[in-house]
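Peer 1: Listed below are the residues making up each chain.
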Amino acid sequence: MSHRFLFLLLTLVSASSFAVDQITPAQKLIRQMSEANHKLSYEGVFIYRRQGQMDTMRIIHRVDENGIQERIVSLTGFAREVIRDKNSVTCILPDDESVMVEKSAPGQFKISQLPEQINKVSEYYTFSIAGQDRVANRPTWVVDILPRDNYRYGYQLWIDLESKLLLKSELKNKEGTPLEQFFFAKIQIVDEIPDEWLKPEISGMGYTWHDNSSEDFPIHKGDVSWKATWMPDGFVMSDQEKQIVDESQMPVEHLMYSDGLAMVSVFVEKLDKPANIVTGASSMGGVNTFSKMTDSYLITAIGEVPQDTVKLFANSVVSNK
Amino acid sequence: MNEQKREQLSAQISALVDDELTHESSPVIDSLLQDNEAKQTWTRYHLIGASLRGHLPEHIGDISTNVSQAIASEPTVLAPGKKKSSDLMKPVMGFAIAASVAAVAIFNVQQANQIPGAGQSPETGQSVIAQSSIATSQPSLATSPQLVNQQKGQAQVYQVKNVDPRLNRYMVNHNEYRANTGVSGMPPHVRMVANEADSNNK
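Respectively, the protein sequence lines represent chains A and B. Using the numbering used here, read the first sequence as starting at 736 and increasing by one per residue. Using the numbering used here, read the second sequence as starting at 79 and increasing by one per residue.
None of these hints come from the bench; they were simulated from the model. C-beta atoms are modelled at their ideal positions from N, C-alpha and C, and glycine is treated no differently. Among the hints, a few may not be true.
[Unchecked claim] Stretches of chain B that chain A covers, calculated by requiring three or more beta carbons in the stretch to come under 8 Å of a beta carbon on chain A:
| no. | stretch |
| --- | --- |
| 1 | 243-252 |
| 2 | 261-272 |
[What the hints assert, rightly or not] Sample of chain A residues at the chain B side, in silico, Cβ under 10 Å:
| no. | residue |
| --- | --- |
| 3 | Q788 |
| 4 | A840 |
| 5 | G1020 |
| 6 | S1026 |
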């Protein structure tokens, strides 16, 4: 290999790596944070706080050749539990005396990270490192993500200096008021997690099972019969799926829209008895939902975005058949 | 699974339903989790148990109507209202809360209809819907109905808020995909695990 060719090669390599380095240090930290979650096993206790309520939960997060397996158990109030692996998500709801099993999202192994069009995300949010702090006895970076318009929420992320794991986060509205908070009280990064830690502790009480994990409805590209016709700038349809669920036996369309950070899901479901459905707005922590009936279809938009945004999403959904 | 094993498992499920097995009997629970037929057996036994204990409503078809009426007609306040010290966020309109109650009722109806002769003679109509007395500008929308359950001789107060199966299912599916999209800010499904209810066991 001639020196000239080698020089050319090196120039190309450094040029391309320079392009990658265009991302800001804050964005780089967020990418490392996503990678850490796909590489490290850990166990800890965290607090989840919203709307003046608090819950303490234990999380067990195992990464091995089977991908991510995760179990979250509430340590306060009802012992709700969610266990997920590459196949399914099992929600055990003792207060509801029910167990709900849903399919895992495909692509769980993909490392989620800021999308390729990273500069595009910067059009809708600003990223900055606000400084350092300490969470669960570990020094952290504090990263600020602020929305540039009223259609999105902002985030503040506390990222472990050493492991790059997310140790604390706040979801904030445009005014900077926290809508919900999540932070570890205690976390240990471990090499191995015993199987027992991932097993449920269901009691002997009566539960009803809603198992939607086995049903699958093949979907072909371009087969979507519903779509949102309005969305904030920067949102694109990121994924779509169709499911048959046991309650309705009708396919439910699930359309996913993302601006690279936030995500809004739109569900469209045909109902046999639409009379019993109450539509309108509701919220669950930082998640807002808005439902409406169109003919005999229930259209629901859900997302970590302001109430107006889900409402506008839901109201814009039309059948494209 | 062969026939004998299945019978054995059915017997164990029956024992589990009757609380005769401790929850340490994990093989049974493991089988339950893995086996669809076992799950159905489990549900069936529970329905049978519920009907035997008179826990199924008398007029099954009426329950959703009763619930709606109960919500509409401002009954006596049996439960202390939940304090909404909304230093984090103001409650959004409570449409879904009422929807949840209706959903629970409807779901019970569907279950009960699967059993011939079910719901014949329950004397105890213990479930009462009360409304908490939170002062709001939109009383019809933002009050939180609470299901007061007095079956066990002691009042247990559950706030029925998060139990709409449809909305829960949407949430789980949303969260699943959320885990792979953008920055979610926390582990997926935390909101599902979160107790919306104040479980005041008094």
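Peer 1: Each hint needs a verdict: does it hold in this structure or not?
Peer 2: Do the hints match the structure? See the list:
no., hint, result
1, 243-252, "holds (count 10)"
2, 261-272, "holds (count 12)"
3, Q788, "holds, 8 Å"
4, A840, "holds, 4 Å"
5, G1020, "holds, 5 Å"
6, S1026, "holds, 8 Å"
Comparing the model with each numbered hint stated earlier shows that all of them hold.
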